[in-house]
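> In case you want the letters, here they are:
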Amino acid sequence: MKLLASLAAGLTVAVSLAEELPSSLKFEQKEVNAISVVANGHQLSINRSTDADPELLLLTHARRDVVEFARDSSPSSVNASSASQEFLEGTSERWDAWWDDRFDYYEQQVTRLPVQDFPADKYLEDGASFNWRGLEFRLIATPGYTRDGASYLTELEGKKVAFTGELILDGGRVQDLYSFQESIPAAKIGGYHGYMGRLAIWLESLDKLAAEKPDFLVPSRGPIIHNPLETISAARSKARQIYRNYLSTNALHWYFGEERMQTCAELVLGPGENAPGMPFAEHIDLPDWCQHIGTTKLLVSQSGRGFVLDVGGTRSLDTLRTVIADGLVKGIDGIFATHTHNDHTAAIAEAAREFGCPVYALPEVADVIASPGKWFLPGVSPNAVDEVITKQDGEEMAWQEFALTFHFFPGQMYNHGALLVEHPEHAPVVFIGDSFSPSGIDDYCLMNRNLMGTDTGYELCFKILETLPEGVWMVNQHIPHLFRFTAEEKSFLLDRYRDRRKLISEFVNWDHVDYAIDSQWASFYPYGQTATPGQSLSTDVRIHNHSIVSRSFTVKLAGKWISNIEQKSIEIAPRETGVLTFSLKVPDNAESGIYMITADIERSDGVTCRAFCETLIRVE
Amino acid sequence: MHSTGLGQTIWIIVLVASFRLSAHDSLYNYIEVRPAGPESVEIEFTVHAAELVPGVDPNSTDLLWIENLTDAEVETLLSRARDFVADSYLCSLPIGCDITFPDCAEIRQLALEADAPRPGCIVAHVTVSRHQHPIALRYSEEAQKRLMLVVTTPGAFPQVHDLAPGEKFDISPQ
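In the order they appear, the protein sequences are chains A and B.
Each residue of the first sequence is one higher than the one before, counting from 6 in the numbering used here.
Each residue of the second sequence is one higher than the one before, counting from 294 in the numbering used here.
Because the hints were derived from the structure by calculation, they are not lab data.
Yeah, the Cβ is synthetic: ideal placement off N, Cα and C, and Gly gets one too.
A few of these clues could be false.
[Claimed, not checked] Pulled from the structure, derived: some chain A residues nowhere near chain B, Cβ distances all over 10 Å:
id	residue
1	A44
2	D56
3	G163
4	H431
5	D500
6	I570
[As the list claims (entries may be wrong)] Residues from chain B shown here face chain A by an in silico Cβ test under 7 Å; the list is partial:
id	residue
7	L320
8	P458
9	G459
Chain B on its own, in the form it takes in the complex:
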């Protein structure tokens, strides 16, 4: 597990599994904001892996194809996932808070697990303090899908925001 750069190592999960789900999960990009203990919130970025690899059906959530990739190809996949997040979401994250992606071994290990909440996706997390100011998120105008942004707060229904490319949103780590 490693960080993308400056900040602390933050826990991450890769949700890749040889588990078939629906084509429809590829209709939106997803970000979820949810509590992570009393002092922090966690922002989860979901990247649909199949869309990053030429030759794989973009609807595919059967990730058996990952097993056939070499380590170098998995590293390329991860590199593309990082680029995807960096290019799609212009985020004013606090200094020291970086979005972290998995390493090759974790992908291979977790690819074998079933019942993943987001099958076929690479999911990265960043944790920020509740004491931070709102985090400005701008969804790139170049994005090729809409963004479903879900904010989960204890004791309330999830707030769902449907963003078109180019739209902005303030994530308040309250």
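Okay, chain A solo, but in the shape it has when bound:
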């Protein structure tokens, strides 16, 4: 009876809400919502049409999935924000350049941009109005989730309606967090360090939208929002809690000091607001057997032999040459790559050749530095290391008087390792790459794949630290100190981190927070490859099932040569990775150039992501 009453109440609400919608508005909730306005038998659509080819289509932004649905809608005419023009045009030149530009990349923008041009007929500036079939529309720039986000306002049957794209979704949520990564010029924070860097801009956009007092928000994902002001208020509150939490555990407090962090806080949280970090952890000088050279650490044995962690550039390499020439080190016996960023790896290949020494890395790092063209990650150097000896998590190695233990350590980035170094006359030291500083956690770049599940990411790093010998010191490759957290400091960081995971899970539209953190939960491997006309080749689509239940995923490729490729499906256990392999054949008459292939991903529960990831094939 109670259930029936609840159902009845729900139906009543649904009917009453539906009744509020203007009859001229057509709305079908889909992966990208089909939205149309009908006037005098003509149709205007927003991003994706409902049924007929629209006379006019309005683009809210230029993400690839939205643009592909817009293209499918075959509109007679397209209006878009002037901010979208750079993404809608010149695609061929952009992807050609991307073949090289994807290396050493630190701008950290989502690559889900159109593969082919989709030029608008009219580009509109912020505030521009236009009339369509007697209806006045006005574009307001609402960037934040994307750089080019725009909303369109109109009045339908006395109701003020805002078509808001992906700015804000039902419940005050957003689709993901990584789309917000951006530089924060006022705080002199670059794109790489700009965790949710467009949050302040997004909040401004929400303010603009709220000031318009719309009756409905019609987003391009999820249901229509019938209570705009309450939803916007909830979104603002959640976002600010996440950002305050982030600042409080941030490693950047060590490097940048309080003024910059205060600026970040005020931009998002408001004037006078702050989110101070914890006091710096205990830190002391490096031991005599460890030398700090740029981002390189050099271990020196009693016999004068050297073991190197990371070689990021010519300056570090020159110093290594000098200390050898000066007789301070008799030779280099090995190089360990802590992680895949170029300031740690760019000169490893040259150093290994010159010193004639092996290079060691965890599996998650080894393939990236040996085959960098197969990966797209922040700051990957194109300088491939000739040979990498893969060391498994927990594997031990003796070197001179030192005992070394390799660890998978997905902290600052997923493709990251650590090295426990035990010296007979010194407390143990774990070289944690760039994963912590004395002020906390290095998770400022979402594109680094800082997964937040309880079984990975920083949770795993904290667990690994607990397994290490008591009193172990940490050392960061950038910092010439040993440091370690007290139990209270660890609890503070971990508790706050767990709080943030909960806050984010309430802010995004996924069943697991890692889908919103990981821009590469589905990705191609290799990311880039070369081929010749007529050549057969294969490509994998790797899918990380971040859900806590088993799911099947169906993948369908799209691209110039792909018409005959079958779609493939795979069942993936919870929190595991699955691989689907596709065979391709480059046409015999293919001209040289960069060709793009994208993958549509469909999850068994109906979640669909069109053209979610891309791979580049260069035909030579």
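With chain A held as given, fit chain B onto it using these hints.
Frame of chain A; chain B shown alone:
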């Protein structure tokens, strides 16, 4: 090439290049002290250029943006670099020893060179005699990053000093 003021003209290098490196290089400010012949040591001040220009990503070490600057804008950039060094490092340099910065033409020329040891940075040098007394360096409390100060001595590992804003250090030109 010109001097900032009183002293002799001292050689300088501008290390600007259309060469991408890492975002991480912007985590610290850098000073390096190293031998410059039998009688002198050289103090090198590194200024991360992108942090001086509004609108440029502070992580940027791709200096293509410099090519689009007018001469007047490059002069402004250099002026800011001088101000940055003057404001950040309170240095008791001997009379006649001035930190020298490059001119506009050198920046434009060197911006095209690759393989710079400090990509994205303007680097100025001052040379002082080994017979000088220790040079007191005070790192400004207003500095917005930590300072990595490296002292290089022949036959020894580089000595690395990690200074927080407000800390002092004596540079001994031995």
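> Against each hint, give a clear statement of whether it holds in the structure.
Right, here's what the structure says about each hint:
{"no.": "1", "hint": "A44", "verdict": "42 Å, holds"}
{"no.": "2", "hint": "D56", "verdict": "44 Å, holds"}
{"no.": "3", "hint": "G163", "verdict": "44 Å, holds"}
{"no.": "4", "hint": "H431", "verdict": "17 Å, holds"}
{"no.": "5", "hint": "D500", "verdict": "27 Å, holds"}
{"no.": "6", "hint": "I570", "verdict": "35 Å, holds"}
{"no.": "7", "hint": "L320", "verdict": "5 Å, holds"}
{"no.": "8", "hint": "P458", "verdict": "6 Å, holds"}
{"no.": "9", "hint": "G459", "verdict": "10 Å, violated"}
This entry does not satisfy hint 9, going by the numbered hints stated previously; all others are met.
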